[in-house]
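From these two lone chains plus the hints, build me the complex, please.
Residue numbers (the numbering used here), protein chains in the order written: chain D, 1 to 107; chain C, 1 to 178.
The reader is advised that the hints may include incorrect statements.
As the list claims (entries may be wrong) - Restraint ranges, calculated between C-beta atoms of paired labels, are given here:
hint, chain 1, residue 1, chain 2, residue 2, range
1, D, Leu62, C, Arg170, 36 to 46 Å
2, C, Phe151, D, Leu60, 16 to 26 Å
3, C, Gly164, D, Thr10, 37 to 47 Å
4, C, Leu112, D, Thr7, 16 to 26 Å
5, C, Phe118, D, Val49, 15 to 25 Å
6, C, Arg170, D, Thr7, 55 to 65 Å
7, C, Leu148, D, Leu60, 19 to 29 Å
8, D, Ser4, C, Ser114, 12 to 22 Å
9, C, Gly116, D, Lys92, 49 to 59 Å
10, D, Ser4, C, Met113, 17 to 27 Å
Just so you know, these hints were derived from the structure itself, not from any lab.
Every value quoted in this text rests on a predicted model; they were computed, and no experiment measured them.
From the three backbone atoms N, C-alpha and C, an ideal C-beta is built for every residue, glycine too.
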Amino acid sequence: MNISIITDITLAHYLILAAVLFVIGMAGVLLRRNVIVLLMSIELMLNSVNLTFIAFSKYLGLLDGHIMVFFVMTIAAAEAAVGLALAVSIFKRFKEVNIRFFEHLKG
Amino acid sequence: MTADSFLFWFLAIVTVTSGLSVILMNNPIYSALSLAMTMVGISALFITLNAFFIAGVQLIVYAGAVMVLFTMVLMLFDLKHEMQAFVKGKFTGFIKVASVGLLAGLLVGAILMSVGLFTEKTTDNPVTFGTGMEATKALGRILYTKYLLGFEALGVLLLVIAIGAVALSRSKGGTHEH
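Same shape as in the complex, but just chain C (with noise of 0.2 Å):
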């Protein structure tokens, strides 16, 4: 088994058992350091697959920054009557564990199926190869000429998201009448 491998495995069964704490932890500050676990884990796999720059921007972006919106607002919360907090009803819950194998036999099924589909790799194309700067240095090129419309779009997203947010938690609670 070489490091390449142990690496992957090790990095899957870190991420799927903090993503299933994720869903199964009663607490949910331990749900948020969970997926936090699970972030920390992506990202790694990232830079298994030779992407350093976006590991870093996932690193700080998701494990930093959402996260401790995440844990801030959870603390704001007084949730000791909100421990238990799972579906009620055994067969409506029967049904949505149902669905969701299915969907998951369905995507392995497809994935298994199309595996011979997958042409050998023939262009090994020297940027996502290199050591990492020629990597980022490309990503900045057509992230600033071919994606610029996108890029700027993003930005004007984000204006009105921090202003939207700010007015939704200024509000006193919704459409209710007090």
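If we strip away everything but chain D, and leave its shape as in the complex, we get (with noise of 0.2 Å):
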């Protein structure tokens, strides 16, 4: 195994890092049943996305990265903020946030 894979730091790395954080949140939406974790994964893969864009926009030497960086934390504490509204809504009328109420949402 060549040695410089693990010296050199490259963009691969950075976006490599960002994929295996973004296939965590997603398993996480998938496997867990309460809506909460769910929302805390859905921030994760959120992040990850951040991450690509700061090492892209080091990589090209261009700011427009971290500008889209601000735009995706502002829209993610949005939906944070309205998910855990519903959440709370849930909670009141079922006293459990399991994810399979939101099976009941209908009419």
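Next up, the structure:
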């Protein structure tokens, strides 16, 4: 195995790290049933996308990626606020925050 | 091994480990704490990428505000019977894990295949390689000129979200009749 893969940190290292974090978040969304943990997994996925943006921003020498990270952070905060408000309202009705209660959301 | 590469590998191990513990911990409070650790690790990774201002914003907004919101909401709930809230069913669980593994393989494979396409970096822009002040100054400048419309739209969005969250949490449990 080539030693320069370990000692030289390139763009691909950051991209692969971000991909791994994204996949972990996706596994959380698919496998967990707790709404709060689901929202946390979505935050993890958004964070990994931010990492990709910053890595490409440094690689290309442009600042536009940083602006995109601002926008993603604001959207993530808004999404967390709305999701947690929904979780609170579900908990008030069912005394549990399991995702299977979303199946009852009709009419 | 230089200091840069050591820092990267250390932070990579920290973020991946705490990211895994977010989805594997039974208690949601431990998940929230692991997520805060992941946020701090990603913020440190931003510093290794010379994005100092974004790293500070990440610490304040995510590790500060969003995680406090999560833990406060968790403390409102009584989650004793929610400890083992994983999916039921071996077969669907296996399919989900397999699809996640497939996506991981696709992503990593695509990145590794396209490594040769990344040309050697030719533009060493002084803005992104400065001591931090220049980058932050340029960031503020393009945020308030080139991206002014998006910035204002985000302000409107945050106002709508604040009102909507209050209205949602005051309602008595969605569309069900009581």
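Margin query: I want to verify a distance hint. Is the separation of the beta carbons of Gly164 of chain C and Thr10 of chain D within 37 to 47 Å?
Written below: holds, 43 Å
Note to self: The hint says 36 to 46 Å between Leu62 of chain D and Arg170 of chain C; measuring C-beta to C-beta, is that right?
What the structure shows: holds, 44 Å
Checklist line | Distance restraint evaluation - Arg170 of chain C, Thr7 of chain D, Cβ atoms, bounds 55 to 65 Å | finding: Taking Cβ atoms as reference, Arg170 of chain C and Thr7 of chain D lie about 57 Å apart, which means the hint holds.
Margin query: Taking the Cβ atom of Phe118 of chain C and the Cβ atom of Val49 of chain D, is their distance within the range 15 to 25 Å?
Written below: holds, 19 Å
Item checked: Assessment of proposed distance window 12 to 22 Å (beta carbons of Ser4 of chain D, Ser114 of chain C) -> Distance hint for Ser4 of chain D, Ser114 of chain C holds at roughly 19 Å.
Next item on the list: Given the hint of 16 to 26 Å, check if Phe151 of chain C and Leu60 of chain D actually sit that far apart at their C-beta atoms.
Entry: holds, 22 Å
Next item on the list: Return holds or violated for the Cβ distance of Leu148 of chain C and Leu60 of chain D against the range 19 to 29 Å.
Entry: holds, 22 Å
Checklist line | Cβ distance range 16 to 26 Å for Leu112 of chain C and Thr7 of chain D, holds or violated | finding: Taking Cβ atoms as reference, Leu112 of chain C and Thr7 of chain D lie about 18 Å apart, which means the hint holds.
Notebook entry, point to check: For the pair Gly116 of chain C and Lys92 of chain D, does the Cβ-Cβ distance stay inside 49 to 59 Å?
Noted result: holds, 55 Å
Notebook entry, point to check: Between Ser4 of chain D and Met113 of chain C, does the C-beta distance stay in 17 to 27 Å?
Noted result: holds, 19 Å
Taken one by one, the earlier hints all hold for this structure without exception.
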